[in-house]
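Undergrad: Spelled out, the chains give:
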Amino acid sequence: MVLITFITGIFKEALAKKIILAIFAFFSLLIILLVLAITNSTVEGIQSMLESTGGSGMKEAVVTFEAGIISKIPMFMLIASFMIIVSSFVPDMLKKGYIDLMLSKPISRTKIVLGQFIAGIILVFTALLFLLGIIWIVISAKSGIWHVPFLYSIFWFTLIFAILYSAVILIGIMTRSTILTILINLLMFFPVSFLLYLANVYFENDKQGVVFGPVTETIIKFFYNILPKAWAIQDICENIVKGGAAVSYQPLITSLLFMGVMLSLAILYFNKKDY
Amino acid sequence: MSVIEIKELTKHFSAKSFSKEKIKALEKVSFTTDTSEIFGLLGPNGAGKTTLVKILLGITFSTSGDAKIFGRPVSDVNTKKKIGYLPENHRFPQYLTGEQVINYFGKLSGVNSKVLKTRTVEYLGMVGMEKWKNTKIKKYSKGMMQRLGLAQSMINNPDLIFLDEPTDGVDPIGRKEIRDILIHLKSKGKTIFLNSHLLSEIELICDRVAILNKGILIKEGSVEDITTKANTYKFNTNELNDKIMNLLLNQHKAVLNGRNEFLCNVKDVEELNGVIDYLRTEKILILSVQQEKNSLESMFINLIEQQKN
Chain P
1 MVLITFITGI
11 FKEALAKKII
21 LAIFAFFSLL
31 IILLVLAITN
41 STVEGIQSML
51 ESTGGSGMKE
61 AVVTFEAGII
71 SKIPMFMLIA
81 SFMIIVSSFV
91 PDMLKKGYID
101 LMLSKPISRT
111 KIVLGQFIAG
121 IILVFTALLF
131 LLGIIWIVIS
141 AKSGIWHVPF
151 LYSIFWFTLI
161 FAILYSAVIL
171 IGIMTRSTIL
181 TILINLLMFF
191 PVSFLLYLAN
201 VYFENDKQGV
211 VFGPVTETII
221 KFFYNILPKA
231 WAIQDICENI
241 VKGGAAVSYQ
251 PLITSLLFMG
261 VMLSLAILYF
271 NKKDY
Chain F
1 MSVIEIKELT
11 KHFSAKSFSK
21 EKIKALEKVS
31 FTTDTSEIFG
41 LLGPNGAGKT
51 TLVKILLGIT
61 FSTSGDAKIF
71 GRPVSDVNTK
81 KKIGYLPENH
91 RFPQYLTGEQ
101 VINYFGKLSG
111 VNSKVLKTRT
121 VEYLGMVGME
131 KWKNTKIKKY
141 SKGMMQRLGL
151 AQSMINNPDL
161 IFLDEPTDGV
171 DPIGRKEIRD
181 ILIHLKSKGK
191 TIFLNSHLLS
201 EIELICDRVA
211 ILNKGILIKE
221 GSVEDITTKA
231 NTYKFNTNEL
241 NDKIMNLLLN
251 QHKAVLNGRN
261 EFLCNVKDVE
271 ELNGVIDYLR
281 TEKILILSVQ
291 QEKNSLESMF
301 INLIEQQKN
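Chains P and F are the protein sequences, given in the same order. Here the first sequence stands for residues 1 to 275, where the numbers follow the numbering used here. Here the second sequence stands for residues 1 to 309, where the numbers follow the numbering used here.
Isolated chain F (complex conformation) (with noise of 0.2 Å):
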């Protein structure tokens, strides 16, 4: 069983009130999540990334289209007891300390109280949050509202977790700690659906991703799938002679960047193998051969320009 099902999911906003003229924020998107997985969710400004989720926890509604959370409509409320959720620019009560924003929202998310006291400990000690936990929360630092809130969205041991920009705000350290907790939630069973402009972050820790524009699905699958162009490899080698260079240029319209290096496009193995053969033959020394991959970045930009021609 998926742990999140979409099917045709559209939802489109009135643009003003009285008015016909609809803002289209999403448009029949479809895909589905797997436990164990960490799930990103990936588009520009005004995508649809956050309708989506919204819908996902009946923050929003659908207005055409099905989704489905651990088998069940998003509209039971009781599945929201094994789900989690950090949203963007969230906002606790601003008189309590982060011990009693734990307690509270741990409390709302159903746990039990006895339960709730040593979780509460665990959680801000994972977060590193432990030695703040008895000062309010105004005086928090925006990194520090971060931690906290990925704490929140724990609380409740959920199987499913919704983080809108977790990183969001916080330093270097503190980013490379929150993926590690992430990677560990993954190891236990858990499915994180991460929301986020940082992709290299995403590229880092996603298994799958999902890819919107103006409301559409434009690309989904794995990272690696999406990342790697196929069939496509860099070779680093010494010094190469004119002839050889003028070979590759020719026979298999090489990409040379200096003496050194080049990226040849090959129909297959064999043809891999063939330039390979071809170089020790000609006693050059082979350093690395890599099979060349786009960065996320690169291939989330290639694709947004794609759409929009």
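Only chain P is shown next, with the shape it has when bound in the complex (with noise of 0.2 Å):
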């Protein structure tokens, strides 16, 4: 019961700021937007071009059309907003005055960080379920192609942030800073993971062009290993959107691997720091 207050106490600081009230009002105008843009004439005059031209069915556009809505540009968008809302909430938690009634009181501190991790995303997975819940019906019910696993996409992308969230906590623990933790969590997320990411697509097709020495190969390859792969389960995703399956469940692995490294040293360095 104790967890679920400091859990629920999370949610109502979230909306007291408004930052609830905000990604809300946000994603109800992009749906409004959508709304508008997609109108009956507009989906007549694509069923039309598709038979004339031969081309594709409806079907398959729609499932290009979904694909695209979490295609990297949206999801970077959406994942570094997330990032940069929940990065308040550790540092404003261990102010003072707040932490020392905090850690007074009968939850432990290993429950401390994970109702912060669980608040988290259970505040995230909200917020795309009805971003994404309702694009998929407004899509559906415009097109008639209800194309289920379109909202599969809600729980990776979940799983993305869960990912990169482990570290906005740690750092945010360590650092007990704000802006520190958005800069060093977006650095990490971009460019620095994306770069990785691009040199290790380069690395698994035919090598033209540049050329890495092995020394430079090894490294980059180690630090793509160890960090988190949100680009690369972007793919794995956008291959399941599109009805397809995963190549390689790798990237995965070895990014909850790191998301269990990250909340490991979170509690653990919580649970020895002084406050």
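Watch out, some of these pointers could steer you wrong.
Pairs of lysine to aspartate or glutamate residues, derived as DMTMM-like cross-links and limited to a Cα-Cα distance of at most 25 Å, are as follows [stated by the list, open to error]: (1) F:139 with P:92; (2) F:82 with F:207; (3) F:20 with P:274; (4) P:95 with F:99; (5) F:117 with F:180; (6) P:273 with F:292; (7) F:24 with F:305; (8) P:273 with P:60; (9) P:272 with F:21; (10) P:95 with F:88; (11) F:293 with F:220; (12) F:253 with F:271; (13) F:142 with P:235; (14) F:133 with P:13; (15) P:272 with F:66; (16) F:68 with P:274; (17) F:142 with P:92; (18) F:138 with P:92; (19) F:22 with P:274; (20) P:12 with F:76; (21) F:7 with P:274; (22) F:136 with P:92; (23) P:273 with F:66; (24) P:273 with F:207.
Computed beta-carbon distance windows for the label pairs [to be verified]: (25) P:133 with F:15: 51 to 57 Å; (26) F:115 with P:151: 41 to 47 Å; (27) F:173 with P:98: 51 to 57 Å; (28) F:15 with P:122: 39 to 45 Å; (29) F:222 with P:3: 40 to 46 Å; (30) P:152 with F:15: 50 to 56 Å; (31) P:3 with F:188: 28 to 34 Å; (32) P:133 with F:5: 52 to 58 Å; (33) P:253 with F:63: 39 to 45 Å; (34) P:3 with F:125: 29 to 35 Å.
Residues of chain P clear of chain F, computed beta-carbon distances all greater than 12 Å [what the hints assert, rightly or not]: (35) 22; (36) 37; (37) 38; (38) 73; (39) 134; (40) 138.
I should point out that these hints are in silico values taken from the structure, not numbers from a laboratory. Nothing here was measured: the structure is a model prediction, and the numbers come from that model. Beta carbons are placed, not taken as given, at the ideal position from N, Cα and C, and that holds for glycine.
Hints in hand, dock the two standalone chains.
TA: See below:
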């Protein structure tokens, strides 16, 4: 009960800071724009165009459109926005006078860290469920194509967020600074992990063009393997949404390991820290 | 069983990151507190009072030594269900109302919702915040925040309450009300552990005190014992003549304060009665005889100065 109270307290704080309101207001705006853009005449126009050119059917057009919604740029914008929003949760909790009260209550330090983690995930999951869920309903109702795999992106995006949020929590506990937390995580997420992702794609394909020495290649692969692979997980998500399967779940496994390590370090550090 | 048992508690902080230089916040402090007691912890700024309280609450960790609450190690999370705490400069979420603050921290303390409802009304009334319960706390004054903080510290009906400067920012009437609350809690069997710079407040309500300076416990005992000047008595009389005054000065090393009052240091009760008998023989009217006391403040300052020297 104490843990649930702690988690609901974080939600109430987000509500009071108008964070939840801003998220849902912005998402509602996006949805309204989508509804206005996808009119019946638009759908009929697309259908006739597909028939006349002998191209792929309506279903494939819908799948392609939905895959575009969860492509890399929208994914980055969503996840980066969520990370900026939640970056203040831990530093705010650690403020003198408040952390003293929290630690004097019968809730273990481990539960406090896990409570922060769970609260952030639930918040983001709810927001994604709202955004992507309603987008799916709008597209499906307008097109008549109910492509369920699109909804799996809610789970995958939440997972990407959870993996990165574990690092947000650790850095928040260590630095107690919202700004530093935002900077370090956005730098880790982009451009560093994106560059590593591109480099890894290069190594897996034919090596044409730029040549890396073996030492550089080893260093890049090392960092690629230990840092979270949000971009590669997004690839898996996109394949699944398109009706395919993941080529390899290795990026997911190593990223989940990263999350486990970050959370464990956060719990260890918090359990030893004097306040 | 003592409520709090501290044995050779030591805390050293690093002066800087990666530096071996240490700040000795506490040095082998030992004392105990009992049930139904108001225990005062005194000391100048930086003495280690807040550090000691934080170690007892698990907010900070000791370097060495042992500390127990209700016979359990301070690391035992479940013990905190029986503890209330009001930190100095406490910070509540500003978006909450007074009632919501009590509800939130009550639930965090493990209080059942039904019980919480009744207690919230009771304790907000006790601290005089009933009228303000639906107002957001960002509109509260400092004194109101202190009262709310006190209610928060009592909400789980704790057996032990830590209060760090509970009357800070509170007006004199409010301070009296808070003192009355603390005395009432003590009568219900609670133990109150009080940090305060207001020595006059401590003197009024504390049963025992401990005085810290630079992390070292320099004095511990009942307020009565600490403040009583042994074998010194103040006499108020009608006007003394020169003969009597000279005798008192020479034989009893009295300190005269005009012709109607003097302080007299005696070896024992027999000598005290000897002085009284002499004054009566000289037909001096004794208006009062009082055993002399230091104020806690003067004792405190003397002890700190002694330690400095």
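Undergrad: Please flag the earlier hints that this structure goes against, numbers listed from lowest up.
TA: 6, 8, 13, 20, 24 and 27
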